[in-house]
Amino acid sequence: AVVSTQSTGESLVPECDLASYLTIASTINVQFDEACTRLIEGYCVAAKSVRYGSGCELPVNASYTLHLLAGNHARINFRETALDVDAVAALKLYDECLSSHQQFSTVDAPKTTHIKPGEEDAITSEKIDSDMEEFYNRVVNFCTTYNPGFIVNNEQ
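Residue numbers for the sequence shown follow the numbering used here, so the first one is 15 and each next one is one higher.
One or more of the hints may lead you astray.
[Claimed, not checked] Simulated crosslink set (DMTMM-like; lysine to aspartate or glutamate; CA at most 20 Å straight-line):
| hint | residue 1 | residue 2 |
| --- | --- | --- |
| 1 | Lys62 | Asp31 |
| 2 | Lys141 | Glu110 |
| 3 | Lys62 | Asp122 |
Derived by calculation from the structure, the hints in this document are not laboratory data.
Can you make the complete structure from the sequences, with help from the hints?
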């Protein structure tokens, strides 16, 4: 089984269904809405500003990588448009990877607690939503602090 529960070992998603799901999702042509692009680009400009000369510069392909991650997040959710939520998911994953490698989070986010066997039920969708909302707020605060041209939405 590709994905299974720890307690029973039962497959949550049969391999044939998962393969079909991924095949279909991979064919979706994703466009990026303005909020998604603004969040990714705002983060990259701010991160380059903060990290410049620190020895922990943002990789030159960061924007490209973040767009790929956000686009793929939209695909696995069967959306043809990458939204700000896709950008937040991409930034969260990217920040986790950078902080693991470089020992600090650009947006000063706490490390994600990884689920240990037997603790699967402790993580609720409300907790995940709350954590992502907190991360989004950290990203927006980071961008507005270190990228003077950053705007959160069209009303500003």
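For each hint, the structure was consulted:
Between Lys62 and Asp31, the direct Cα distance comes to roughly 41 Å. Violation of the 20 Å bound is thereby established for this hinted pair. Of the supplied pair hints, the one linking Lys141 and Glu110 holds, its CA atoms being roughly 18 Å apart against a limit of 20 Å. For the proposed pair Lys62 and Asp122, the alpha carbon gap of about 15 Å is at most 20 Å, so the pair holds.
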